[in-house]
Amino acid sequence: MTTVFEKPKRFISEKMHYCPGCTHGTAHRLVAEVIEELGMNDRAVGVAPVGCSVFAYNYLDYDMYQAAHGRAPAVATGAKRVHPDNLVFTYQGDGDLASIGAAEIVHAAARGENITAIFINNAIYGMTGGQMAPTTLVGQSTTTSPYGRDASLCGHPIRVSEMLATLDGAAYIERVSLHDVPNINKAKRAIKKAFQTQIDKKGFSMVELLSTCGTNWGKSPIEAIEWLKSDMIPQYPLGVYKEVD
Amino acid sequence: MSKVLMKGNEAIAEAAIKAGCKFFFGYPITPQNQIPEYMSKRMPQVGGTFLQAESEVAAINMVYGASGAGARVMTSSSSPGISLKQEGISYIACAELPCVIVNIVRSGPGLGGILPSQADYFQSVKGGGHGDYRLIVYAPASVQEAADLVMESFEVSDYYRVPAMILGDGMIGQMMEPVEFKAPKKRNLPPKVWAATGWDGKSRKKAIINSLYIQAEEMSAVCNRLDGVYKQIAKNETLYEEYMMDDAQICIVAYGTTSRICKNAITTARDNGIKVGLIRPITVWPYPTDVIKKAASKVDHFLAIEMSMGQMVEDVRLAVNGEKPVSFYGTTGGVVPTPEGIYDEIKKIAEGK
Numbered sequence: 001m002t003t004v005f006e007k008p009k010r011f012i013s014e015k016m017h018y019c020p021g022c023t024h025g026t027a028h029r030l031v032a033e034v035i036e037e038l039g040m041n042d043r044a045v046g047v048a049p050v051g052c053s054v055f056a057y058n059y060l061d062y063d064m065y066q067a068a069h070g071r072a073p074a075v076a077t078g079a080k081r082v083h084p085d086n087l088v089f090t091y092q093g094d095g096d097l098a099s100i101g102a103a104e105i106v107h108a109a110a111r112g113e114n115i116t117a118i119f120i121n122n123a124i125y126g127m128t129g130g131q132m133a134p135t136t137l138v139g140q141s142t143t144t145s146p147y148g149r150d151a152s153l154c155g156h157p158i159r160v161s162e163m164l165a166t167l168d169g170a171a172y173i174e175r176v177s178l179h180d181v182p183n184i185n186k187a188k189r190a191i192k193k194a195f196q197t198q199i200d201k202k203g204f205s206m207v208e209l210l211s212t213c214g215t216n217w218g219k220s221p222i223e224a225i226e227w228l229k230s231d232m233i234p235q236y237p238l239g240v241y242k243e244v245d
Numbered sequence: 001m002s003k004v005l006m007k008g009n010e011a012i013a014e015a016a017i018k019a020g021c022k023f024f025f026g027y028p029i030t031p032q033n034q035i036p037e038y039m040s041k042r043m044p045q046v047g048g049t050f051l052q053a054e055s056e057v058a059a060i061n062m063v064y065g066a067s068g069a070g071a072r073v074m075t076s077s078s079s080p081g082i083s084l085k086q087e088g089i090s091y092i093a094c095a096e097l098p099c100v101i102v103n104i105v106r107s108g109p110g111l112g113g114i115l116p117s118q119a120d121y122f123q124s125v126k127g128g129g130h131g132d133y134r135l136i137v138y139a140p141a142s143v144q145e146a147a148d149l150v151m152e153s154f155e156v157s158d159y160y161r162v163p164a165m166i167l168g169d170g171m172i173g174q175m176m177e178p179v180e181f182k183a184p185k186k187r188n189l190p191p192k193v194w195a196a197t198g199w200d201g202k203s204r205k206k207a208i209i210n211s212l213y214i215q216a217e218e219m220s221a222v223c224n225r226l227d228g229v230y231k232q233i234a235k236n237e238t239l240y241e242e243y244m245m246d247d248a249q250i251c252i253v254a255y256g257t258t259s260r261i262c263k264n265a266i267t268t269a270r271d272n273g274i275k276v277g278l279i280r281p282i283t284v285w286p287y288p289t290d291v292i293k294k295a296a297s298k299v300d301h302f303l304a305i306e307m308s309m310g311q312m313v314e315d316v317r318l319a320v321n322g323e324k325p326v327s328f329y330g331t332t333g334g335v336v337p338t339p340e341g342i343y344d345e346i347k348k349i350a351e352g353k
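Quick note, the sequences are listed as chains F and E, same order.
Per the numbering used here, residue 1 is the first one in the first sequence, and the count goes up by one each step.
Per the numbering used here, residue 1 is the first one in the second sequence, and the count goes up by one each step.
Isolated chain E, as found in the complex (with noise of 0.2 Å):
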């Protein structure tokens, strides 16, 4: 298939589509618009299901349910609506559901502003819902890795039966990119045995889609199982990209647009003499925590740059373990990095200021 020309939220709802998605349960937020609008119109085109809910949290319990039910089934949104939908998120993860929840970060906190941030890292890594839980999530630097990855997380969730969330920012959301369809890599899928589809009293055991365990050792048996499913994903799931780290003095650790404009500022500083590199965690959870601990024996200091006041440097941090210094440079409130700025910041690291 050849490549088309298309925003960032349309491509990761064209994305879904692709991926066998028929069933899709949202509401309005900026910048996240044109994932439910998009939807609404190509969902009748495959006879799939496009329902606006009265609510996140609605639109979330739908999601539980058509998942139940053993559906692929999708919702996007941005940041207050994501907190809205924490609660279902969390359900979801203990009645070890498979979806797909894209985050289209906008600034905050509170009603915040629309444009580009990535201060949710907490709520989507750091299991922003109640209870020992853990997202698989994607961070796509590229409309191009948006679709590639709404694609591979319908596969991942599905096979290890934890939801998946895309964390996108305003800049994925609303830029136009080239973007192939290109299909993942095919698992070996089980079928959903589980699922609540009607039960004739023999054939299978009865589903029961449930978060409520009322005994201490049931429910501590339930989050160890998840935690041995959460340490499979970590093993096999990571995914990053290293950058210029071949000769690196100063390792910069950025993800999604963020480390495009790093990339920049890269090319300045080895302009510059100054031999800087990138590790970009694709995967936020898992988190590359030993690629970034094996680069700490070899590179000189750490640079954690995010639109943020600073959140995914405390995993920069608990990987480096004191190694070596890691500093941190954030723009946030919806103000973006410049390229400029970064190398100032990598500039006063190479200088010793």
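The following block holds chain F by itself, in its conformation from the complex (with noise of 0.2 Å):
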């Protein structure tokens, strides 16, 4: 019998502990492949810092390191700068990576660090129940804009894609979205041209991939990924935002 699908080795068989209709599982399994794809399996390291994905650890089968709130791009400095050969990412939320951590994510892309930052962008503080966020959307609620997000108190979303991708020491930024297959095929693209970006050396690379929260969006995971493309994906829109040759 010939084998022509199979999970990827370093995906680990645990029953996750995301909501159903989150994204998060997509995203963990479209790393692994993209890893096993270009024969970096023993020599990728990954830095998931506190949020939803915290626990990475327990899926993706790579050494790793859980991270302080938005310390990962620091953390991932640290660990491709003894070992420059090995493949260092960050996995982090939009609570981590744009709020708490944007200092370490924009110095991270400044100095052209040779990492990739896997970031998840689902407007909202998963892990902690549903606060807003700095991509939160305006009028959107959540459990600290009960009466939706209100530009004139606290402004507005931030377009992290767009603010690195005007950094010099940026290869390679994009954004991509998780709602579909065609945009799930996608990302795994965006995926693989920012690891191969960190193996040839060209600097800093992210894909921001627009993600599902359905459980603190108080959606179903059928409306969740409906609204990801009638509201998210205007306010976040898709596409390469940097491309160093």
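Just so you know, these hints were derived from the structure itself, not from any lab.
Do not take every clue at face value.
Here are the in silico distance ranges between beta carbons for each label pair [unchecked claim]:
#: 1; chain 1: F; residue 1: 218; chain 2: E; residue 2: 132; range: 45 to 55 Å
#: 2; chain 1: F; residue 1: 226; chain 2: E; residue 2: 41; range: 33 to 43 Å
#: 3; chain 1: F; residue 1: 129; chain 2: E; residue 2: 229; range: 54 to 64 Å
#: 4; chain 1: F; residue 1: 16; chain 2: E; residue 2: 30; range: 31 to 41 Å
#: 5; chain 1: F; residue 1: 84; chain 2: E; residue 2: 229; range: 29 to 39 Å
#: 6; chain 1: E; residue 1: 190; chain 2: F; residue 2: 155; range: 19 to 29 Å
#: 7; chain 1: E; residue 1: 202; chain 2: F; residue 2: 199; range: 17 to 27 Å
Part of the chain F face toward chain E, derived, beta carbon under 8 Å [claimed, not checked]:
#: 8; residue: 54
#: 9; residue: 61
#: 10; residue: 63
#: 11; residue: 75
#: 12; residue: 81
#: 13; residue: 151
#: 14; residue: 152
#: 15; residue: 153
#: 16; residue: 156
Computed from a prediction, not measured in an experiment: that's the story for all the values here.
C-beta: ideal position from N, C-alpha, C; glycine also.
Using the hints, build the complex out of the two chains.
And the structure:
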């Protein structure tokens, strides 16, 4: 019998703690598929900071770091500087990367730190129970913006990919979405390109993945996918924001 | 090797390089700037890495990353910067990562001033970050001792997988003294099989550099295991100096540069017939509690002297445990005590005032 499809070797068969309809599982799997296809299973090192994905080490079978909230790019910097030939990636949520860790991601990109950030943007804090994130849409209700995000009080959502793309150290920046199969395939190509950028030692790379958080959005899995398409993508346009030859 | 005249901060940096430290992550703050400056010059010469981080917070997390990858790594800062590093230090302690953190203390609270102070005793010795942990904390009293203790601290930190701190003050950092770099006693260090170096899936256990234990029993087990390590450190690594203690009736307890000023005052006191001695903790954690406790049965009175409003004196009182009176004399805010000021305090005690 010929095997035509199998689970990536470093994707652990563990019951995930993620909620039904959450796209973290898809993103994890894409990372594992890409690392395997690039032949980097033995050289991959992941950093997962505080957030829903802090337990990523239970699912991804590489040497892993758990990191403090927002600090994954700094931890990855230390890891990469010691072992420059390892494939070092962070896996961060939007509260982590765009709020408390804004300084670390900006300066890792500015330094052209040769690491890859996998950035899950679901417009909300997931693990702590659905509070407003810097990426929360104007008008979006959360547990700390119960009347909807009011831009006059708490400003506008941050478009991280556009912001980081302005930095000379950023070599590859793309925003993709995980809402259907064609887009998941695009997301995989983007992750592969980002990791290849690191292997080619071109500098900092990041893929922003628009993701669902049905539980904290108060939506069913299907409604969540619809809302991502109808409301998130207009705020966060998909595409390649930076690609250095 | 012959002696060279060096500034304390530079001697600390050179000692780290001589100890095999290949990675340094720092951020500017006075009065420790010569450490990152020296490292930026020297690290490229020895094939090491110097990186100026975007903040103290980032620097300590780079230390977490580099130590987790198996490297000898150091960072340095001064009081407000150490406050910022405390979260990362707590993570490092829990993840059992060896490293050396240098704190060249300035005055505070707040932004304070840049002059010498010992008001960081609490945040250095009493676990300045969150949770149940300890650092091994060395308090050098000279540039030579600073260099010796930096080298020693890398060995000890690697041996126990507990982060070490060099607790200096602005004086140690800024003054120039002759220094000779002597290799420390080599320890039989186990290979870092726990480090995240990239894993082939078979030759060892997968490395998880971690401080997250969501189950109470797991977190409790980690804290208990760490406590066992701390007890070993307290048993094996406590360092102190006893000075003129044989016939002493008054025992001064002081650490760091303050202890040197105390020695001048002790000379004056002895010239005037007052029998004074000194116990100088060299490690302030582990603290030489037993030495002070033993002295309590011999001397009449203790006098703790610090450049603070009274922080280490609490450890003196715990050690003396009410057996003898414990007085305190301190100067703070960047004010350095004078031998005369200390002698006046000794005299008051001798005269029963």
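Status of the hints after comparison with the structure:
1. F/218 x E/132: 45 to 55 Å: violated (39 Å)
2. F/226 x E/41: 33 to 43 Å: Since the Cβ atoms of residue 226 of chain F and residue 41 of chain E sit about 59 Å apart, the hinted range of 33 to 43 Å is violated.
3. F/129 x E/229: 54 to 64 Å: violated (36 Å)
4. F/16 x E/30: 31 to 41 Å: Violated, at about 49 Å.
5. F/84 x E/229: 29 to 39 Å: holds (32 Å)
6. E/190 x F/155: 19 to 29 Å: Hint violated: Cβ distance 51 Å, outside 19 to 29 Å.
7. E/202 x F/199: 17 to 27 Å: Check passed, 23 Å falls within 17 to 27 Å.
8. 54: Holds - the Cβ of residue 54 of chain F comes within 8 Å of chain E, reaching about 6 Å at its closest.
9. 61: holds (6 Å)
10. 63: holds (4 Å)
11. 75: holds (4 Å)
12. 81: holds (5 Å)
13. 151: At about 28 Å, which exceeds the 8 Å cut-off, the nearest Cβ of chain E leaves the hint on residue 151 of chain F violated.
14. 152: Constraint on residue 152 of chain F not satisfied, violated at 30 Å.
15. 153: Constraint on residue 153 of chain F not satisfied, violated at 27 Å.
16. 156: Where the cut-off is 8 Å and the nearest Cβ of chain E is about 24 Å from residue 156 of chain F, the hint is violated.
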